[in-house]
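Q: Here are the chains, one letter per residue:
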Amino acid sequence: MNNMYTFDTSTLWAALPEIFLLSAIVVVLLLDLFLTKPFKQATYYLTQISLFITGVMAFNLIDQPQTIIFSGSFILDNMASVFKVFMIGSTMVAMVYTRHYLIQHALFRGEYFVLVLLSVLGMMVMVSGYSLLTLYLGLEILSLSLYTLIAIARERAGAVEAALKYFVLGAIASGLLLYGMSMIYGISGSINITDIANFAANADLASRETLILNFGLVFLVIGIAFKLGAVPFHMWVPDVYQGAPTSVTLFLSTVPKVAAVAMLVRILVDGLGAMHAYWADLFMVLAVLSIALGSVVALMQTNIKRLLAYSTISHVGFIMLGFVTGVISGYGAAVFYVFVYILMSLAAFGIVILLNKKGFEADQISDFKGLSKHSPWFALMMLVVMLSMAGVPPFIGFYAKFFILQQVISAGFVTLAVVAVVFAVISAYYYLQIIKSMYFEESDKDITIVAPMDMQLVLSINAVLILVVGIFPDFWIKLSLSLF
Amino acid sequence: MDNSLLSLLIWLPIFGGALVIWLGNERANTARWLSVALSIVVFIMSLSLFTEFDSSTHLMQFEEKASWISQFDVYYHIGVDGISMPLIILTTFSSILVLIAGWEVIQNRPAHYMAAFLMMEGLIIGVFSALDGILFYAFWEASLIPMLLIIGVWGGDNRVYAAIKFFLYTFLGSVFMLVSLIYMYNKGGSFSILDMHNLSLSASEQAWIFWAFFMAFAVKVPMFPVHTWLPDAHVQAPTGGSVILAAIMLKMGGYGFFRFSLPITPDASLEFSEIVIILSLIAIVYIGFVALVQRDMKKLIAYSSISHMGFVTLGVFALFLAYTPGAAEGALLGLEGAMIQMISHGFISAAMFLVVGVLYDRLHSREISTYGGVINSMPKFTGFAVLFAMANAGLPGTSGFVGEFMVILGVMQANIWYAVLAGTTLIVGAAYTLWMVKRVFWGEVTNPAVSTLSDINAREFGILAILAVAVVAMGLYPQPVIDVMHVSIEHLLNQALTSKL
Numbered sequence: 088m089n090n091m092y093t094f095d096t097s098t099l100w101a102a103l104p105e106i107f108l109l110s111a112i113v114v115v116l117l118l119d120l121f122l123t124k125p126f127k128q129a130t131y132y133l134t135q136i137s138l139f140i141t142g143v144m145a146f147n148l149i150d151q152p153q154t155i156i157f158s159g160s161f162i163l164d165n166m167a168s169v170f171k172v173f174m175i176g177s178t179m180v181a182m183v184y185t186r187h188y189l190i191q192h193a194l195f196r197g198e199y200f201v202l203v204l205l206s207v208l209g210m211m212v213m214v215s216g217y218s219l220l221t222l223y224l225g226l227e228i229l230s231l232s233l234y235t236l237i238a239i240a241r242e243r244a245g246a247v248e249a250a251l252k253y254f255v256l257g258a259i260a261s262g263l264l265l266y267g268m269s270m271i272y273g274i275s276g277s278i279n280i281t282d283i284a285n286f287a288a289n290a291d292l293a294s295r296e297t298l299i300l301n302f303g304l305v306f307l308v309i310g311i312a313f314k315l316g317a318v319p320f321h322m323w324v325p326d327v328y329q330g331a332p333t334s335v336t337l338f339l340s341t342v343p344k345v346a347a348v349a350m351l352v353r354i355l356v357d358g359l360g361a362m363h364a365y366w367a368d369l370f371m372v373l374a375v376l377s378i379a380l381g382s383v384v385a386l387m388q389t390n391i392k393r394l395l396a397y398s399t400i401s402h403v404g405f406i407m408l409g410f411v412t413g414v415i416s417g418y419g420a421a422v423f424y425v426f427v428y429i430l431m432s433l434a435a436f437g438i439v440i441l442l443n444k445k446g447f448e449a450d451q452i453s454d455f456k457g458l459s460k461h462s463p464w465f466a467l468m469m470l471v472v473m474l475s476m477a478g479v480p481p482f483i484g485f486y487a488k489f490f491i492l493q494q495v496i497s498a499g500f501v502t503l504a505v506v507a508v509v510f511a512v513i514s515a516y517y518y519l520q521i522i523k524s525m526y527f528e529e530s531d532k533d534i535t536i537v538a539p540m541d542m543q544l545v546l547s548i549n550a551v552l553i554l555v556v557g558i559f560p561d562f563w564i565k566l567s568l569s570l571f
Numbered sequence: 045m046d047n048s049l050l051s052l053l054i055w056l057p058i059f060g061g062a063l064v065i066w067l068g069n070e071r072a073n074t075a076r077w078l079s080v081a082l083s084i085v086v087f088i089m090s091l092s093l094f095t096e097f098d099s100s101t102h103l104m105q106f107e108e109k110a111s112w113i114s115q116f117d118v119y120y121h122i123g124v125d126g127i128s129m130p131l132i133i134l135t136t137f138s139s140i141l142v143l144i145a146g147w148e149v150i151q152n153r154p155a156h157y158m159a160a161f162l163m164m165e166g167l168i169i170g171v172f173s174a175l176d177g178i179l180f181y182a183f184w185e186a187s188l189i190p191m192l193l194i195i196g197v198w199g200g201d202n203r204v205y206a207a208i209k210f211f212l213y214t215f216l217g218s219v220f221m222l223v224s225l226i227y228m229y230n231k232g233g234s235f236s237i238l239d240m241h242n243l244s245l246s247a248s249e250q251a252w253i254f255w256a257f258f259m260a261f262a263v264k265v266p267m268f269p270v271h272t273w274l275p276d277a278h279v280q281a282p283t284g285g286s287v288i289l290a291a292i293m294l295k296m297g298g299y300g301f302f303r304f305s306l307p308i309t310p311d312a313s314l315e316f317s318e319i320v321i322i323l324s325l326i327a328i329v330y331i332g333f334v335a336l337v338q339r340d341m342k343k344l345i346a347y348s349s350i351s352h353m354g355f356v357t358l359g360v361f362a363l364f365l366a367y368t369p370g371a372a373e374g375a376l377l378g379l380e381g382a383m384i385q386m387i388s389h390g391f392i393s394a395a396m397f398l399v400v401g402v403l404y405d406r407l408h409s410r411e412i413s414t415y416g417g418v419i420n421s422m423p424k425f426t427g428f429a430v431l432f433a434m435a436n437a438g439l440p441g442t443s444g445f446v447g448e449f450m451v452i453l454g455v456m457q458a459n460i461w462y463a464v465l466a467g468t469t470l471i472v473g474a475a476y477t478l479w480m481v482k483r484v485f486w487g488e489v490t491n492p493a494v495s496t497l498s499d500i501n502a503r504e505f506g507i508l509a510i511l512a513v514a515v516v517a518m519g520l521y522p523q524p525v526i527d528v529m530h531v532s533i534e535h536l537l538n539q540a541l542t543s544k545l
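Chains as they are written, first to last, in our numbering: chain P, 88 to 571; chain U, 45 to 545.
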């Protein structure tokens, strides 16, 4: 046990991407201070370069043997590396879209990019965290950066309200999570996931002594459900999505979900996997409620950001269904769903941002009216994204739902699968509303697209991937399964 | 034999459609020529399915199989037998007609219109040839997308409602099919439809799966009481959309009963056959009367479609009552009659919708009361219209008669009263069709606009003439079609009568 608590610099390579990113953040922050106005764009490029290098470093660590360093509180395994590469890639795509939005709405500031980098660092720590404390630390780095990012449009009342709301509710969730962690620590005597897993595996779960383990578990599940935005802990999602600047919503709705799922896997699967029967029941309720509420409430929305918020809630429900199954292939299905969700969400918000221009915030469904006339290409892309979200083949969203349903049915929950597909059909209605606006209605205002070519190109690739990966999903399904 | 023929038939129109989209509406004429040329090429290629078809076996022919999603043993597995092959040729045939029919009528985004039809053609051929459950489902759902856009973009005044209703109805029906497919995969370890035919299932499993499939296929056929989307969709869709919808998309539902319900859940099909038969009879009789009171020509034909498709489900499910050991003729007649009815209805409904389309293009009205005395200004056109109307009413010598007659003969061996009820369609059908003909084509010219109508041009004449030949040929000599399907139908009958319990 003793050598576990020593600090060995020869193992630092495992955390190389994080160390590099932290240094890069400091450099970008300092440089931004001295850049004069004409060179402000440099911050953006530096951010992208830092992310790219971090991504390459994380990529090089794929297929390394599992390594646990820093006294058992930091893990490097395939899941961590693949998640990191994916998160960094998604962030880079998000930044391409973001730049257009920031320029159009005069929000282009160096701090924005530094905060994004910081939140990426926080998420990387979450993905690799292997003790309750590291996980919490990562979560807080992420959350604090996000609160600030939302409030960066401080002249807008909606943004400030959203930031405050997210901050207050986020703090409560963090509190609950910490409370749960303290209970787990109290009974198991350790904050390391490995020790907790050993303890839970050997504990007599029915006895009174381990009752506190159950209490702790409930608080942990609540904390995680809050971060994922599952019903009934979803209240912040629609308001924050709507109030935040669209570029922040884009980031918020995509990359942090990967980190939240990673935290879920670390705590509930790796740590408390022995208690699966206990948390699976909670998850089943959360999942069904999320799918139902996300599908039904979205029907009434006219604001597309709010609509996508409810759509996210229903997707989160599907992701949680994967964890209900309690088998490795079910977890794989959930991770595959996360990948697919991020790909779709990036494209959806990307197209919302695409329509933005100076003084015009395209956030109503009616802003999409007649898009198919003015820009047949991007209307087609949005059609692909919407149908994919609705789960219509041959788009990737179908395979994500299919994989989850297959696992759920195979675990014996046929009724659960039927409930899920019925709500999927209901949710198809609101995705069709957007298609309706784009294709079946004429526009009453001018919708010329002013976005730069790099954004148009990346967005096109992003959306085309939804079709191409949909036709050849084998690689991604196998990759998702290999992470467990 | 060319081994990738089926793949070509599927993907050539789909990629061709993509090419047409790329050409864009600015190069509309190139797009039109390319689309029609492509559809003719595909049709000619599909004919070799017929000529090289071996009608002495029920096994799948022109098979192709490649691994697709290895994680779930999903294969890109396609092939045809005597049941799917005629439907594929019907698809390629009808596609040419609708593309030509939309030639000058569609001025709003013509290239996109053509592309949507081309892609839909490929996807529907995919539906009819898929031998893997997931591949089938993917094609099945994907074919909704072009139709949604066709109705929604090029449809009538109430098109948005109709398009969304169409999509949601069929989507809701088919998700249950997906759940049953997954259920059977988890049980049998294969998504292959042919493996599912041999999968043993308990009575209650069969009942659940039967109803799940029933939801998907009954909506598509459509059967009473889930037929309400069809009149809306038909009325709002542009002519081409109505044609494809009636001629092919409805057949996907009928095909589903042949390919899935009967062989996979034979015992449940037997158990619930009475319910399906009664629903079919309601469709035939009640919907026939509903058609009688319609004022809108397209709505009238839409209801008549539902009534005629009732014969398909009647013929399929009457086999359980018509079959007596040692005498399979009654059951076989019913099944083959259902197949013939599907193909014949493909011709006739296409023709009827095109006839309405011709009138609509001229006066922009579908109301029967707008017209009257059309024969005075459009004699050639009226000739065709009356022929198709007669076929719709089931006149002997036209294709409309053959299928209905066979089904009624089959049902006669099951229950004479069912046959009597089904037979009333010959009266009601004649009533609503001929009454419409009387009000639209005969009589005095009451609307001055009618007297200024110009008769059909060469393009319209060509389309209607081809259909007229098809209708009469099928009516006089249906034997070649019966021959290619006979062995497959016999095999299917065997499967349906072999208990899985």
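No lab work stands behind these hints: they were computed from the structure. Every value quoted in this text rests on a predicted model; they were computed, and no experiment measured them. Hints are supplied without guarantee of correctness; some may be wrong.
The calculated lysine-lysine pairs, modelled on BS3-like cross-linking and capped at a C-alpha distance of 25 Å, are [stated by the list, open to error]:
| no. | chain 1 | residue 1 | chain 2 | residue 2 |
| --- | --- | --- | --- | --- |
| 1 | P | 565 | U | 231 |
| 2 | P | 124 | P | 444 |
| 3 | P | 460 | U | 544 |
| 4 | U | 209 | U | 343 |
| 5 | P | 565 | U | 424 |
Q: Mind checking the alpha carbons of residue 565(P) and residue 231(U) for me, to see if they're no more than 25 Å apart?
A: Since the Cα atoms of residue 565(P) and residue 231(U) sit roughly 22 Å apart, the hinted pair holds (cutoff 25 Å).
Q: Holds or violated: residue 460(P) and residue 544(U), Cα atoms, limit 25 Å.
A: Cα-Cα ~55 Å, so violated.
Q: Check whether the Cα positions of residue 124(P) and residue 444(P) lie no farther apart than 25 Å.
A: Within the cut-off at roughly 21 Å; holds.
Q: Would you mind confirming whether the straight-line C-alpha gap from residue 209(U) to residue 343(U) stays at or under 25 Å?
A: 16 Å, holds
Q: Going straight from one Cα to the other, do residue 565(P) and residue 424(U) come out at no more than 25 Å?
A: 63 Å, violated
Violated hints, in rising order: 3 and 5; the structure is consistent with all others.
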